[in-house]
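A.B. asks: Sequence:
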Amino acid sequence: MQPWECPHEIERPVMRQRWEQLSYLHWPVAPDVVQAMLPPGLEVDTHDGSAWVGLVPFQMRSIGPVWGPAVPYFGTFAETNVRTYVRGRQGPGVWFNSLDINRALPVLVAQTVYGLPYRWAAMSIRADGDCITYAALRRRPHRLRPHSAMTVRVGEPIPNDELTSLDLFLTARWRLYAESRGTVVVAPVAHAPWPLRRAQAVAFADGLVAAGGYPQPDDEPHVLYSPGVTVLAGRPVRA
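Going by our numbering, the residue at position 135 of the sequence shown is 315; the numbering climbs one at a time, nothing skipped.
Derived by calculation from the structure, the hints in this document are not laboratory data.
Cβ atoms here follow ideal geometry from the backbone N, Cα and C, with glycine treated the same way.
Hints may be right or wrong, so weigh each one.
[To be verified] Now the in silico label distances, taken between C-beta atoms and shown as ranges: (1) Arg267 x Asp308: 33 to 41 Å; (2) Arg241 x Ala210: 31 to 39 Å; (3) Ala302 x Phe384: 27 to 35 Å; (4) Met181 x Ser242: 35 to 43 Å; (5) Glu336 x Gly362: 44 to 52 Å; (6) Ser242 x Gly362: 17 to 25 Å; (7) Phe384 x Thr344: 15 to 23 Å.
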């Protein structure tokens, strides 16, 4: 099996969705900064001695049950994640500090079912030639109302055999961890290998990363782009 391929199948997936127009912006951070925010049972995952924090905006489409139609209106929305990388007993995965979306009802559903820190935000995604512009403004009752605005220029496709170890560390993730009612839970995801492209952040201003508890980014990010994949998600269980 290649490192960019999903290592498992989900026997009873509970949800199908598409992640499209996805940009990965990442910065290295000190591992102890991440570890201090994790619940017992999870350890920070590192690459070459650094933890990594990601700002990941994208378009979520066609959420629905595996064997049924997608949910109309509420199943499609813009989303921006602040995330990092951890290890638990089930293996490496993603830890989300926040997930901002522009639909209020899915916020409540996701908070209840997965225990994920979803937030309601005003958001937009606009494509213009080879550039994609993302904008997000977290809504009330969040007093500080952090925002994010960026433009990413999309470049050439990256063959799978040219992906670096860091590219794979940041993107080839097959489970998510969350804390639900004081308990750490884990849920598997499965999808085809990411079709990744080289990319560059040509404009950037963000407050979501700092709102998640990390240092404000001041260096150039590591950037990747993907047109998207169809994703199957499993039921969350106790980690």
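A.B. asks: Does each hint fit the structure? Answer for all of them.
C.D. replies: Status of the hints after comparison with the structure:
Arg267 and Asp308 have their C-beta atoms about 39 Å apart, which keeps the hinted 33 to 41 Å range intact. One distance hint, 31 to 39 Å for the beta-carbon pair Arg241 and Ala210, holds here, with the actual separation near 36 Å. Between Ala302 and Phe384 the Cβ separation comes to about 19 Å, which falls outside the hinted range of 27 to 35 Å. Range check, Met181 to Ser242: Cβ separation about 28 Å, and the 35 to 43 Å hint is violated.
Hint check: Glu336 to Gly362, Cβ distance near 46 Å, so the stated range 44 to 52 Å holds. With their beta carbons about 33 Å apart, Ser242 and Gly362 fall outside the hinted range of 17 to 25 Å. Checked against the hint of 15 to 23 Å, the C-beta distance between Phe384 and Thr344 comes to roughly 22 Å, which is consistent with it.
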